[in-house]
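For this one, chain P is given, so just place chain W on it according to the hints.
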Amino acid sequence: MNTFPSRPKLIGGSKLLLSLFLVASQFIFSQDPIDQTSTAKRTPEAYFQKLGQQFGYRFFYLKDWVQNIDAEQDIEGDSLSQILDQLLAETTLNYYILEDDRRVFLLRNGIIYDELPSAFLETPDSVQTTVSSDRQQYVPPPSFYEEPTSKGAREHPLVRIGKTDGNNLKSSYQLSGRVTNEKTGEPIPDLAIRVRGMSRLAVTNEAGNYQLELPAGYNVLIASAMGIRNMEREVVMYNDGILNLNLDEDLQQLDEVVVEADALRNVEETVAGNEEIVTEEAKNIPLVLGERNILEIAKALPGISSAGEGASGLNVRGGKTDQNLVLLDDAVIYNPTHFFGIFQALNPFTTEKVNIYKGAPPVEFGGRLSSVLDIETKNGNTEKIAGEGSIGPVTGNLSLEIPIKKEVSSLVVGGRGAYADWLLKTLDEESLNDSEASFFDGIVKYDHKISDKQSVQATAYYSNDRFSITSDSLYHYTNRLFSLGWVHRWGEKTTGTLTLANSDYRFGIDYDGESNEDFKLDYAINESELRYKLRNRVSDKHTLDYGVSAKYYSVNPGSKRPTEPGSNVVPIDFENEQAFEGAVFIGDDFKLSDKLTLSLGARYAFFAALGESTQYSYQKDAPRNGTTVQDTLQYGSMEAVKTYGGPEARISARYLFTPDFSVKASLNNAYQFVHTLSNNTTVSPIDTWKLSDLNIRPQKGYQAALGFFKNFSDNMFEFSLEGYYKLMDDVLDFKTGANLLLNENVETEVLQGDGKAYGVEFMMKKNKGHLNGWLSYTYSRSFYRFNGDFPEEQINEGEFFPSNFDKPHDVSLIANYRLTNRFSFSMNFAYQTGRPITYPIGTFRFNNSDFVVFSDRNKFRIPDYYRLDLGVNIEGNHKKNKLAHSFITVQVYNVLGRNNPYSVFFVTDQGEVKALQSSIFAMPIPSITYNFKF
Amino acid sequence: MKVRKYLYRFILFLVIATSLVACIEELDIETLADVEEQGMLVVEAVLTDKVQTQTVYLSRSDIRLDLQTDTLYNPIIPLGSRPFDTVNVEKGATIRVVGSNGDQFPFFEGRDGEYLSNTQFGLQFGVDYALEITTSNGTEYISDPLLVTGTSEITGIYAEKSVNDDGVEGVAIYADSAPLQGNASFYRYAYDETYKIVAPYWAEKDFVLTNYDPCALPQPTYDLQILDRTKENQVCYNTISSNAIDQFSTAGNPATGISRKLVRFITRDNFILAHRYSILLKQYVQAPEAFSFYEVLNKISGSEDIFSQVQPGSIYANMHRKDGIGENVLGYVEAVGVSEQRLFFNFEDFFPGEEDTRPYAFNCYLTSSPESHKSYCDNSLGSNSCPQSVIEQVDLGLINYYDDYSEDYGLQAGCPGPYIFTPRICGDCTTLGDNVRPDFWVD
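Protein chains in written order, with our numbering: chain P, 1 to 934; chain W, 1 to 443.
So that you can see chain W by itself, here it is in the shape it has in the complex:
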């Protein structure tokens, strides 16, 4: 019986020790050959019924698959020195929107593949439109007929403190809407969110380094001054557009309104909540085909179910060549009924008394290091175990001045220097946003 007892224990042990690994791991995406030299034309346009400057984006697909940009901030790498995504923008195209009622709206080329309408206009309900593009090489494209199928108005947008499905605390933003006109069954939500950024270790003064020669012998030569800042970089604002596809259908009952549609959830630790936050919600009433396009695009690019993978394949835009030659065009052009509404709120509105634990984009700290370093051209031996010197970091634009050195800060720096400084992301908000207050901003 004793043997059996041990056997049971052994079984129990194995059961516990067995760890089944169903893992998802990230692969390096290789570039595959056999793709046409010139990428496919990519068209993106959301033409609305609101009178405004309408925009069309043109670009080309890229055979590169390694498009990931590392969005993590690394304090020892100078900002802007890393590769970032580029899009092969399509330049020199001629674009116009033509309505079945005879209206014509030409576009002019802006920056970065952006084409803007010459005049502000809105699509009229009940009129068929077509987008016509002539690329710089003379190829003509035309879209399928575009029609605003309905409109719906956002009747309310509100934020609540909430806990998401993963049990994480945050702020949920909901919207209500009511159909106005036509067949409003297919909805897509997009937003632009703007938030105020306050650099946590901002100081009135900053380093100014001049005449720096790191190779001078026997010591590097430089002039390091602590001067008042000339640029406003304590408070900034940043605006980001949504990049997720969020859709909702009331098909089968188009007359119904939508209430408490969750449009955005921001976890408490997201620094965009830290001070004041604003969201401009855009509710688009889509045509069924457009709804379907976005849905499929989302489905085949968002499936993370490890057990069953959605069959991927090509999905093509509602654009085709005028001459009937079968050329695949990517992207989509749609005509929507739009409704927009803006919401502001402050961190204190939802987390009162927690101002000390405002989130920030980076785990900021204060530190110190020697002011200067051994000349780069000094070949004599001798090790330097200290961190980069102040002048080197200032030269690279990595740090901001915070204060003169003082024991009061209780720094654990191994190589204290004359100054206390902070990574630039903590002392200069322009690393994260723009120091110009947006026009719509209300404090």
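Pulled out of the complex, with its shape left as it was, chain P reads as follows:
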């Protein structure tokens, strides 16, 4: 029941009414009398006219508003109010009767407030004090909405939800609805819908449904997710209601959009220690020779570092480089870098993003101690052909998105090749003048939506590197991988994902020298994995993830063959190693309350080294070496040589103090059954991977972390402070000068010890505005200890020593400044404590030469590292109908020209000792890259 006190004069001053009168000229003035009883095809206009005549009122309304009114119904009623109440009950219209002038105004959504909210006028109005009622005291302020003057500026029309119920006025209303993809009609799950200016957030469920409580009145909803076009909808809430959203796919995302999607991610996620790098977002960051490199950007994040500039391999929270699981579309990529780690082996145009888990990773991942780098390739455009390309000083790159069947399937193809030879030629390093280096990588991804419930994705990837540092030997390595994913929705709540992946990594050395020793050396590791994972949204409180995975490894530890007849090289061909690695896992994302969520995961990892195999057992009370072999054990085909296994826990908890401030804690442990064998201080492309076996135990890791996360200023700033403590068992190191390649008794060179690492990571991120970027600081230490029973199995007498990548202070600053839509500047600054090295403490004469006596392992440090890179990004004009959109980046790497030592080493040359310092990029390196997009 709406009652209208007869003091209409107070309605003046409301902008709503002002606009109402402004458009009043469009109102239909109903005046022609019509017989109420003539029922044939009565229009709403006619109905109101008749009604007006009947009661002696004139109706004012917009014709559009009343089109849906069922004018056919016969409404019995004594008063105009009664009739109108019934008539308009099912519509969004309200009415207002101005008794003095005998006029009736129909209103969409709103009601006409006949008095202003108490705080509206600066001085209290006497009328207000006299006519106050209980109901009105709790009435929220009316919804005022200013019509924009130019309607064309708005992409989506204003949405009015519900009709104000004067009896049931609330301060907030429920908005619910379903979000679907405009092109495919598919529901969009996991879409974050935020309210501008508030920290409210709704996330769509599997079926695309969402529910959100909105304050009455004008709100702006912001919906954004990866691959979805950023949407802002202006919504005026009059009552509870439904708003279904159709969202466009978006393949040309703007930087800020991506960040917005995750506005509260860092605070709200249960699991800490996760980082996400979106390729597109990171494209402005200046890097060596303008090559986009996600892995390099990862090093600017807290807790992630590497041994040095140009060193491949990441050290995550004090872990060794072999402790990272790098996945490209769910298949392991063993060496994700080109050219000694200077460039990434991933095509930046086809790479959507990388998720890095430094803490407790999702339960389906396992097998590495330190981190998971989950690299995702983008899905192709199913509508039209799109492409991206770049021409830089080192590589040329082209990627295409090709729709195969409209809205169903598409193909992404990317290819990248290097013309890096010139680079080596220009190096001011004589020994490299005869060298060559080239690389390429290619990727194909196909995705196919079989139905609303099923989709299939397949990825194939190949990369190849060839380089020769000296003219007599050519090194080459390749990654090859294939993955197939099948996603099936088993009803509303359950989704199954079947993943089949195969990865192959191999390297070789072709030696063709002056002497009679030419040979070809090869190494290969191949793994196949089958994994089935189910996700069940049991209830609002529980989401279960569970599944199994099985992996089969086959390793060719090396073969060496003479490449010319009569060669002195003795052919060597080691028997293959093979193993099975399996896991069952279950995890529950458990929402105890709005504030407290838990992520509980358990995983049982199992490993069996399988025959056919020859293993050696060693005397128990003697150092392991060639002379202490006790037994030679033979194992038949598929016979278990040795099994290892154990439970792994992934426990995380989050407590929200306020919607934008949380604390998180996590505990996790892991087993690792494959190890790299490397006696270099940094990663080298000819490091081999070795499976655990009778003599080499799996590595084990334990980590506890605690972090605080806070967003400020409407999520413009993200702060995080995380601390961790980590223990590792049975990590591998090697005897000095160990011979790891083509060594049948490689376990005699391996030392297994323990490690500990701890650190504090601070990060401040600014996501929005003309100036954005992040500042990170990490204080971290990592130590290892190899304390075997015998002196030859100890390092530094069995004491803890700092690792090669123990760099206590690490500062990174990445900033982008957008001057205009077309010009932006970016910078990248890095400072790190110099890494530890083993330094000579003396010399001795031997074999007519001088040699150095080395200090304890890692007793000294090289000078601190710092570097500043700058870039300017110029976008082509934004004309709509251009053939291609272009983008030019001009970058200078190492602007300060700092000669950062990469390593310091000591050689005996012509009988004399020399200390040499190598630097990779010792001067500013400018580059220009031309990117285009169509």
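Simulated from the structure, these hints should not be mistaken for laboratory data. Just to be clear, a hint being listed does not mean it is correct.
Covered by chain W, according to a simulated footprint, are these stretches of chain P (three or more residues, beta-carbon under 8 Å) [stated by the list, open to error]: (1) 597–610; (2) 736–748; (3) 839–848.
Cut-off 20 Å, straight-line C-alpha distance, at most; resulting in silico cross-link-like pairs (SDA-like, lysine to any residue) [claimed, not checked]: (4) P/Lys560 / W/Pro254; (5) W/Lys322 / P/Glu792; (6) P/Lys914 / W/Glu295; (7) P/Lys560 / W/Ala251; (8) P/Lys520 / W/Ala251; (9) P/Lys533 / P/Gln619; (10) P/Lys859 / W/Ser314; (11) P/Lys406 / P/Gln457; (12) P/Lys914 / W/Ala244; (13) W/Lys299 / P/Asp909; (14) P/Lys914 / W/Lys299; (15) W/Lys299 / P/Asp588.
Derived contacts from chain P toward chain W, CB cut-off under 8 Å, selection only [as the list claims (entries may be wrong)]: (16) Ala622; (17) Gly626; (18) Val629; (19) Gln630; (20) Thr908.
From the three backbone atoms N, C-alpha and C, an ideal C-beta is built for every residue, glycine too.
Chain W only, in chain P's frame:
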């Protein structure tokens, strides 16, 4: 479109102009503190199965790291006046080799930390030996058991004109060998090379300077004579031992022989090839542990890969204290089966008709300068733009007489004098070798 064209040109320019500098530069090695006052004992011995005087070298490690000797010859610095490497030799030690068959071979101390066996002996195949050392301070050390694991015989050594991997012309020396006995899988090659040196500007006469007083006033006083040389220094010989570690493994197939193993490559511009050259190749059959030691030593001291550095660390000898106290001993003692063979060849054998371009250790020249100079004690002003005078250079031992001055030589000397002379390295071969012909030398 014009703008774009320029842009492309600019890009091209930048691409070309960009030079990426990955450089290796040499550092000054600093001396670091915190090392024991007395260096570690360094033992070096290659005991062979050949009956000969066996040798053991003892020294101490040094905390000095600036051991570089500049081996470049500088004609204006008197020879022998520069610092050269010294080794802290270990004196006064008592050494013997003891065999498991009861044999004992004592050693006596020679020069420069060299200890020589009292008698000639060779290690017997199948017998365990140990090296025992008692240093002058009474500390006793003993080696791990030493065993000759196998023997192999060099069946051929030959030189060929060749081009090395860097595209440089030279002479390559190859060897073939065949296993004889035991397990011959691990090989190490060493050599002593001897070469004939002929001073290119040698003359029969030389300066003899006497009664020289550079400070006499008003003029320096001296007697400069041109006399026949009294010392043979036109033709010399020099022998140098290899200092590189060259190893080869046939592990997995020990019965196989080795053919065309490159043991030495000498570039054409190396003066050791200039006349006649001889190499005594020694092929050692090593024990696996010894092979591994040398390999590791070589690996951690020879890695010049700028992108990945081998993790260095301490590698210790197979010697330890008898009393069990953990003291690090450097170096290595090994027992090897040895095979030696010598090869001679001449420059003309590989570069016939190129005798005019024989390489020499120094870019020799003839020059001239005034005979005398202003007295060192003459404080009157007056500049002297001429090079050092003859008498000064003769006094410092820098030059040799070549001829009396003559326009025929076409010298560009700004201050001609009465004589034509040459840097001593060009007129006196004893600066580079010994004037005594070695016993084994065959012309």
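Next on the checklist: Output the indices of the hints that this structure fails to meet, ascending.
Outcome noted: Per hint list: 1, 9, 15, 16, 18, 19 violated.
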